[in-house]
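These protein sequence lines are chains A and B, in that order.
Here the first sequence is numbered in the numbering used here, starting from 1 and rising by one per residue.
Here the second sequence is numbered in the numbering used here, starting from 1 and rising by one per residue.
Honestly, the hints are just simulated from the structure, not real lab data.
Heads up, some of the hints might be wrong.
As the list claims (entries may be wrong) - In the EDC-like style, the derived pairs of lysine to aspartate or glutamate whose C-alpha atoms are separated by at most 20 Å in a straight line are:
1) K136/A - D132/B
2) K126/A - D132/B
3) K164/A - D56/B
4) K110/B - D142/B
To be verified - Across the chosen pairs, the derived CB separations fall in these ranges:
5) D190/B - R170/A: 23 to 33 Å
6) K170/B - E129/A: 35 to 45 Å
7) S283/B - R170/A: 54 to 64 Å
8) K256/B - D86/A: 52 to 62 Å
Stated by the list, open to error - Over the 10 Å line for every Cβ pair with chain B, so calculated as not near, a few chain A residues:
9) D101
10) G116
11) V142
No residue lacks a Cβ here, since even glycine has one placed at the ideal position from N, Cα and C.
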Amino acid sequence: MPTLIDRRGPSRRAVLGGIGAAGALMVSGAAVLNPREAWGLEVSALKPETMRTLIVMARDIYPHDRVPDRFYAIAVKPYEAAAAKDPATKTLIEEGVVTLDTLAKAKHGTAYADLGWEDQRVAVVKQIEGGAFFEKVRSGLVVGLYNQEEVWPIFGYEGSSADKGGYIDRGFNDLAWL
Amino acid sequence: MSAPFDLNDDSVVVIVGSGAGGGTLGTELALKGIKVVILEAGQRHNMEDFINNEWDSFAQLAWTDMRTTSGSWRVHKNFPNLPAWIVKAVGGSSVHWAGASLRLQEHEFKTHSTYGGLEGANLLDWPITLKDLEPWYAKAEDRMGVTRTNGIPGLPGNNNFKVFEAGAKKIGYKEVSTGRMAINSEPRADRGSCQQIGFCFQGCKSGAKWSTLIAEIPRGEATGNLEVRPQSMVQKIEHDASGKATGVVYVDKDGKTQRQKARIVAVAGNSIESPRLLLNSASNMFPDGLANSSGQVGRNYMRHMTGSVYAVFDKPVHMYRGTTMAGIVRDEAGFDTKRGFVGGYEMETLSLGLPFMAAFLDPGGWGRSFTSAMDGYVNMAGLWIVGEDMPQETNRVTLNTGVKDQYGLPVADVHFDDHANDVAMRSHAYKQGTAMYEAVGAVRAMPTPPYPSTHNLGTNRMSEKPRDGVVNKHGQTHDIPNLFVSDGSQFTTGGAENPTLTIVALALRQADFIAGEMSKKTI
């Protein structure tokens with residue numbers, strides 16, 4: 001995991017602090033931490049709460065229960081660099097997250113990422129569907145999430161094959177259940 | 001004199017584009033002793049450099065120069081600047097194609113006569129018949145090593161085919177096989193046999209699949225009569241005061257503008273770039289663009305009626321293993337209006353890797369409906385439907401003067417609306433594809449919308465009469481005798497079949513015609 005900061009052994013307080021719908025994701029200082037998966041992600045251009053919300057939103061848009069948080073974090077991590085480089089992107093993302101939280105608080109009195117049920121959060125996301133912020137995050141995820149080679153085995157996709165001699169001796173016609 | 005040729009050598013045939021049409025024409029002319037310069041916009045890659053990764057390969061091969069879209073097709077909504085998924089590289093889209101090599105059917109050369117008047121459809125009979133083209137089809141099949149022709153055995157079926165075949169037979173289809181494929185099932189023509197790699201769309205790394213890059217152009221170059229100049233983007237075709245083409249202006253790999261003189265110019269840049277080049281070549285003498293006295297340049301854009309059906313089973317399929325498209329049902333390809341539409345369609349096995357499945361299964365889709373389908377990826381089987389779409393005058397490639405490319409030239413805008421016949425045929429095909437998979441236990445079937453177009457056709461169509469089209473039965477423009485069109489934009493109508501074999505057959509036929517006319521000194 002070179003793209004995320006390795007933070008093994010988080011403090012007991014941080015672990016116990018991991019409540020709410022964001023699951024194991026918590027904010028500590030300038031970082032988003034996931035003690036269960038033993039990683040952390042430091043941000044400076046975006047607020048750490050914003051990055052945490054983006055990770056939650058990424059999973060709500062493309063929920064795969066077998067895919068760990070770190071892959072969602074990797075998928076949205078480029079927005080930190082983009083925000084650092086481009087003020088308009090930073091504004092789009094920070095304001096997008098504020099909108100999500102405002103909508104969630106109006107309905108439930110809780111920030112979006114802390115809503116307990118996916119259905120509740122998805123109902124909030126649906127309210128911004130089609131908008132610039134939503135489309136930026138969603139379209140970015142199509143490549144950012146599904147093009148991670150480490151994710152492919154979870155879906156049973158084997159990736160590159162010519163370097164292994166193709167499938168001529170590796171099961172191109174091994175289906176036997178018909 | 002042998003290649004390379006001088007810019008001022010006005011005895012050469014200049015071909016714009018090196019794909020199935022241009023690469024074949026150039027090679028065949030060179031084999032006949034005629035000097036040829038092919039100007040190719042893209043780079044030249046070796047097959048070893050092709051990449052087994054969908055997005056990386058897309059970055060390496062795809063034509064991603066700016067284009068715009070309009071119309072009611074879903075591609076405009078989801079991929080507004082990617083109307084077509086075609087290649088910018090030596091070999092053109094023959095690097096990317098799946099290999100399906102089918103002849104058009106007899107009646108598909110005579111759609112106006114066969115289908116009759118159909119509101120909104122600009123149907124026209126081809127100026128040639130199947131019988132006219134048969135000798136060149138035979139030559140093309142031999143040259144490309146098409147399976148199930150010339151005694152070449154069919155390819156073995158992969159897992160995706162097994163599911164497809166079982167489902168097809170279960171619902172009563174009879175014409176089911178691994179098809180006629182220009183992919184070696186055994187070593188032939190100095191190329192090895194298919195290693196079942198998959199990634200046929202990303203450029204075949206074993207060389208089993210025919211492409212002009214590996215199977216034609218090197219043969220042409222070996223004669224000393226063919227020079228291919230990669231990274232040479234043609235801007236304009238020039239003509240003299242008599243209206244004869246004199247050469248082309250292009251930007252070379254170093255960004256320098258060059259002028260290559262020519263005895264004959266042949267345009268083979270695929271059905272978006274070819275009309276764009278003719279339109280961008282407008283002059284005082286030809287204010288509406290070259291070869292456009294009919295006003296048909298860019299019109300009648302066809303993309304085949306397409307779509308996919310993916311289905312999830314309760315057991316693994318691993319559809320991506322092996323040849324991407326070796327599987328076909330032909331029972332729906334004929335003409336039978338009882339189904340509620342004219343024309344017919346083929347169903348062919350198809351798979352996408354996980355990254356492209358995410359992009360194309362339901363573009364813009366999200367949430368559990370989408371992701372639960374993706375979760376079923378390893379248990380998925382897939383097929384592509386390809387059928388005849390109706391030519392419509394308003395489906396067209398025009399110049400978008402408000403948007404310029406990296407050279408400052410107006411980009412192509414591709415406008416497309418489905419004809420009611422296209423919609424009826426697609427609905428039928430979705431139903432049949434779904435029935436096939438459900439017959440063998442699919443738990444969920446997904447009618448998937450058309451991808452950005454791979455079969456781009458018709459924008460410089462063949463016609464008997466000059467007023468109805470752009471080129472005659474030899475692909476020679478009606479207006480300018482030494483200007484030819486040599487790609488799929490010549491197609492009068494699209495047929496139900498994958499177009500490459502017909503493009504190659506037409507190029508071989510055109511080469512014979514050009515050689516004959518050159519020796520008669522008529523051009």
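Worksheet item: Which of the numbered hints above does this structure break?
Response: Per hint list: 1, 2, 4, 8, 11 violated.
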